[in-house]
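*Asks:* Read off the chains here:
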Amino acid sequence: MSALFAEAPALPLHTAGPYVAAAYIVFVLILLIYVGIMATRLTRNQRELAELRRQVEEREHLATKSDLTRVTGRELDDPATPFLSTENDNEIHSHVGVGGEGAAVDVDIAAAGEGGEQ
Amino acid sequence: MSTHVRHLRGLTIATAATMTAALALVFFYAPLDAEQGFVQKIFYLHVPLAIVSLVGYCLGGVFGIAYLRTGKRVWDMRSYCAIHMSLIFSVAGIIAGSIWAKASWGHWWVWSEPTLVSYLIVILLFCTYQPLRFSIEDPERQARYAAVFAVVCGAFVPVNFIVVRLSVEYVHPRVLNLEGGNLPGSMKLAFYTSLLAFGLLFATLMKYEMLAKETRIETRRLRRSLLGDDAVRPFGRTAAPS
Chain A
1 MSALFAEAPA
11 LPLHTAGPYV
21 AAAYIVFVLI
31 LLIYVGIMAT
41 RLTRNQRELA
51 ELRRQVEERE
61 HLATKSDLTR
71 VTGRELDDPA
81 TPFLSTENDN
91 EIHSHVGVGG
101 EGAAVDVDIA
111 AAGEGGEQ
Chain B
1 MSTHVRHLRG
11 LTIATAATMT
21 AALALVFFYA
31 PLDAEQGFVQ
41 KIFYLHVPLA
51 IVSLVGYCLG
61 GVFGIAYLRT
71 GKRVWDMRSY
81 CAIHMSLIFS
91 VAGIIAGSIW
101 AKASWGHWWV
111 WSEPTLVSYL
121 IVILLFCTYQ
131 PLRFSIEDPE
141 RQARYAAVFA
151 VVCGAFVPVN
161 FIVVRLSVEY
171 VHPRVLNLEG
181 GNLPGSMKLA
191 FYTSLLAFGL
201 LFATLMKYEM
211 LAKETRIETR
221 RLRRSLLGDD
231 AVRPFGRTAA
241 PS
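So the protein lines, in turn, are chains A and B.
FYI, this note's numbering numbers position 60 of the first sequence as 60, with every residue one higher than the one before it.
FYI, this note's numbering numbers position 70 of the second sequence as 70, with every residue one higher than the one before it.
Hints in this document: simulated from the structure, not taken from any laboratory.
Note that CB positions come from ideal geometry on N, CA and C, so glycine has one too.
Pulled from the structure, derived: some chain A residues nowhere near chain B, Cβ distances all over 12 Å: (1) Thr64; (2) Asp67; (3) Arg70.
In silico lysine to any residue, SDA-like type, Cα no more than 25 Å apart, as pairs: (4) B/Lys188 <-> B/Ala16; (5) A/Lys65 <-> B/Leu226; (6) B/Lys102 <-> A/Val28; (7) B/Lys207 <-> A/Ile33; (8) B/Lys72 <-> B/Leu211; (9) B/Lys213 <-> A/Ala39; (10) B/Lys188 <-> B/Phe38; (11) B/Lys213 <-> A/Ile30; (12) B/Lys102 <-> A/Tyr19; (13) B/Lys213 <-> A/Leu42; (14) B/Lys213 <-> A/Ala50; (15) A/Lys65 <-> B/Leu222; (16) A/Lys65 <-> B/Leu227; (17) B/Lys213 <-> A/Val35; (18) A/Lys65 <-> A/Arg54; (19) B/Lys207 <-> A/Leu49; (20) B/Lys207 <-> A/Leu29; (21) B/Lys213 <-> A/Val28.
The whole structure should be built from the sequences, with the hints applied where relevant.
*Replies:* What follows is the structure in structure tokens.
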């Protein structure tokens with residue numbers, strides 16, 4: 001880089017320099033303001049997406065809970081009747097596959113409805 | 001990812017590289033102007049900004065025609081973004097030009113100069129584009145009226161340019177014409193690199209803006225389909241395509 005500057009002609013900044021600098025700085029400033037506005041909008045959009053994701057997860061969780069309640073006839077979070085600890089355990093296990101990531105709960109409601117009280 | 005934001009990364013890198021090359025050529029390769037000296041370096045900023053912004057306005061008109069022909073909202077979005085970016089480039093161009101005028105003519109603005117005044121008229125004309133959109137609430141009508149405006153005003157831009165060129169009295173220096181102009185080779189290289197850099201910058205920023213707007217619209221659509229209409233706040237009156 002220093003070699004490049006050594007080869008480059010000296011810029012006469014003393015007279016016209018401020019004008020040239022002002023023109024280029026104004027352009028850069030306008031560009032920065034624009035990028036700043038865009039970044040703010042992007043942040044807002046990201047926040048909205050995160051909120052949306054949270055709401056969807058909440059809804060999925062609630063849906064799963066109500067489906068399980070329908071299958072077992074008990075509340076999922078009810079401590080008085082611990083979940084998956086009664087004589088219906090095997091039946092529930094046969095209908096509900098608790099998977100690894102994200103608790104992929106696969107509820108076969110139709111099958112549960114048909115064979116739940118065998 | 002949608003089709004119009006493809007190659008965005010490549011375009012961004014190309015813009016950054018070309019802009020760097022242009023600045024290096026302008027300040028370290030192109031010779032100083034014999035008449036104006038160092039202040040002529042503003043030429044490499046002011047003229048590309050003006051040219052790209054004028055082309056952008058025409059492009060907005062072309063996209064407007066495409067919208068009127070097809071009725072696809074993506075053309076309305078393109079037209080809006082092209083005109084929006086052109087306005088930003090115009091403002092930067094006119095400020096740079098004003099600084100150059102002060103440095104070489106001693107005045108910030110010369111009302112008797114046809115190029116300056118006609119450029120200002122074009123800018124003011126397109127400044128009414130956003131209020132026009134804002135005044136119409138129905139998105140369909142908004143897009144249609146805006147497209148008509150973009151076509152008419154986009155056609156005005158080259159006509160205005162030709163009329164000014166044909167006018168007799170010039171104060172504004174003419175260094176470019178269809179025969180290549182009177183720029184020396186090194187200055188020409190710096191200028192055309194600069195022009196390319198600003199053109200790429202325009203395209204990149206326009207694509208980023210389109211991506212941002214499209215993402216916002218997608219988010220709203222997703223929210224509506226997942227959580228229902230009540231979960232989506234109404235846009236209200238907006239100038240941007242919705």
